[in-house]
Amino acid sequence: MMLAQTANQGQLRIPVEYSAVLPVLALIGGALVLLTWSSLTRHRRAGGYALVTVVSGAVALGGAWRLWNRIGDHGPIRAMADAVVIDGFAVFFMVVISIAVVLAALVGDAYLRREDLEGPEFHVLLLLSASGGMLMATANDLIVLFLGLEILSIALYVLAGFHGRRQQSYEAAMKYFVLGAFSSALLLYGIALVYGSTGSTNLATIATYLAGNVAVDNGLMLAGMVLLLVGLGFKVAAVPFHMWTPDVYQGSPTPVTGFMAAAAKAAGFAGLLRVFVSTFDTLKLDWQPIIAVLAVATLLVGSVLAVVQTDIKRMLAYSSISHAGYVLVGLQAASKRGIAGALFYLLAYTFMVLGSFAIVTVVARRGDADHDLESYRGLARNRPALALAFTVLLMAQAGIPFTTGFLAKFYVIAAAVDSGSYVLATIAMLAAVIAAFFYLRVILVMYAPAAEGDEPLVRLPVPRTVGLALVVTVAFTVAVGLLPGPVIDFARHATLIF
Amino acid sequence: MTVGGEAYLILAALLFTIGAVGLMIRRNVLVMFMCVELMLNAVNLTFVTFARMLNDIGGQAVVFFVLVVAAAEVVVGLGIIVAIFRRRSGATADDLHLLKG
Chain A
23 MMLAQTANQG
33 QLRIPVEYSA
43 VLPVLALIGG
53 ALVLLTWSSL
63 TRHRRAGGYA
73 LVTVVSGAVA
83 LGGAWRLWNR
93 IGDHGPIRAM
103 ADAVVIDGFA
113 VFFMVVISIA
123 VVLAALVGDA
133 YLRREDLEGP
143 EFHVLLLLSA
153 SGGMLMATAN
163 DLIVLFLGLE
173 ILSIALYVLA
183 GFHGRRQQSY
193 EAAMKYFVLG
203 AFSSALLLYG
213 IALVYGSTGS
223 TNLATIATYL
233 AGNVAVDNGL
243 MLAGMVLLLV
253 GLGFKVAAVP
263 FHMWTPDVYQ
273 GSPTPVTGFM
283 AAAAKAAGFA
293 GLLRVFVSTF
303 DTLKLDWQPI
313 IAVLAVATLL
323 VGSVLAVVQT
333 DIKRMLAYSS
343 ISHAGYVLVG
353 LQAASKRGIA
363 GALFYLLAYT
373 FMVLGSFAIV
383 TVVARRGDAD
393 HDLESYRGLA
403 RNRPALALAF
413 TVLLMAQAGI
423 PFTTGFLAKF
433 YVIAAAVDSG
443 SYVLATIAML
453 AAVIAAFFYL
463 RVILVMYAPA
473 AEGDEPLVRL
483 PVPRTVGLAL
493 VVTVAFTVAV
503 GLLPGPVIDF
513 ARHATLIF
Chain B
24 MTVGGEAYLI
34 LAALLFTIGA
44 VGLMIRRNVL
54 VMFMCVELML
64 NAVNLTFVTF
74 ARMLNDIGGQ
84 AVVFFVLVVA
94 AAEVVVGLGI
104 IVAIFRRRSG
114 ATADDLHLLK
124 G
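Going down the list, the sequences are from chains A and B.
Note that the numbering used here has the first sequence beginning at 23, numbered continuously upward.
Note that the numbering used here has the second sequence beginning at 24, numbered continuously upward.
Some clues are possibly wrong.
Reference excerpt, derived from the structure (chain A facing chain B, CB under 10 Å, subset only) [said to hold, decoys possible]:
#1 F168
#2 L169
#3 G183
#4 F204
Derived from the structure by calculation, the hints contain no laboratory data.
Even glycine gets a Cβ: it sits at the ideal position worked out from N, Cα and C.
Please construct the entire structure, taking both the sequences and the accompanying hints into account.
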């Protein structure tokens, strides 16, 4: 009865604002085009598939730019019955993830051709995974956050096991799947407990409830919050939830590893920042110490264990863990500066890590097997430009001045000092010193002089698409490192809705 | 006799714990897989109980989303398991030892 009445009055009509989620739709649309196209034609055109992916990523980037202007004029947009919100923060992550898609597609195309895996599957899964990541960044409801996380992860499980002839690839997929499913279940239980104690899954409603009700006994709420932190901590590889990272990064196809490190980490942090900094703002005193402990553990474990690795992919995996620690430092500050620092860090890291893994892809040669540090000996004589690019990207990751990596570390540490976390800031700087050691070790190996009895060098093939991706990543790392103004302004204005 | 909501919540917490512990101590991949399902369904029970206690339809709607996601996860997970263990007789996680360091 009631339902019929309200339906008659048109109350049940929920407007769907497609224009608000244009970048997400562009990625999903690209994936559907690829699937339809490849099933209608008999010949496999690897270059065409990569082109569609790059164009979809570019359209998503353009859509994000339009949304940015629209938000600047009219303020944040709430869409889909308040389940999705497009604020500056969401648009920033749309930009980061679109860039990751374009770069991963360029490197992935070269990889697929070399390994005889040409087909649309890689690109389709890449686009779908990225659409899930964007959805996470726009989520204004915990259930949308969960759905976005699953869309991101399920496609990534398959991508991790994409190289059918490498047993390590399947093993990486299996490990990622089991731990990913475990962490999603924990996250979901956290959502259930938060729902039970606040009566809603909508982030704005939860924030209003928490601001209006001072709970005497909020054990349920705190348990839910911790489970949410654990679930998202797995995705961003924060210690002690990082066990899967080295194995999965090592076993996955190299371009997939790069995408995982850039986009999956960014999406995980999008969820963490939105849920904790804006929604759980009133519980700040409860979660800030936990995040601080996680940040210290992540920084130290990541940096120290990276030093003892001899496999370059495992080394970069531990380095990605320590980078997550710096973003956690920004999150712990829970201030505007902290968020801006974390966002700048994630954007800078996207370029650095995708560039680094592009070089690892090339050096691994056919079969994707040469990941030992020794494979890099003499790279400077074999391919001077490649060695120089890797040097720039590794120095940026180490935080050498005049690169984005230095500024990124500087902004998050400055935010920590601002909010009075001096110990955390000191540990972050200490971790940077330890981390510099293993980046420099790789550089030294690359520039090692020729030893007696070295085999004559076979010149490494560098495909054009990888070259393009490297030019873009190195140019961004250096240019923004010298002139950070516009990009840091972008990060500062990418604020949360409340 | 009526059973209070708390009883269901405790049952769900127990099921979730059994699933989580099982996932960590069992070595058979298929059993680990079932443990994940157990955890997700424990969450579903929690959602339905809370929805009933709060008199809010939202929690019940969530269960459908979770069911769909769980189904998608099963498809991908079983695909990966079949791909790995096609060439082997058992399906234990201890066979996965190529990646370490």
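Here is how each hint holds up against the structure:
Interface hint status for F168 of chain A: upheld, as the beta-carbon distance to the closest one in chain B is roughly 7 Å, under 10 Å. Of the supplied interface hints, the one on L169 of chain A holds, with its beta-carbon coming within about 6 Å of a beta-carbon of chain B, less than 10 Å. Nearest Cβ of chain B to the Cβ of G183 of chain A: about 6 Å, under the 10 Å cut. The hint holds. The restraint placing F204 of chain A at the interface with chain B holds, with a minimum CB-CB distance near 6 Å, inside the 10 Å limit.
Of the numbered hints given earlier, the model fails none.
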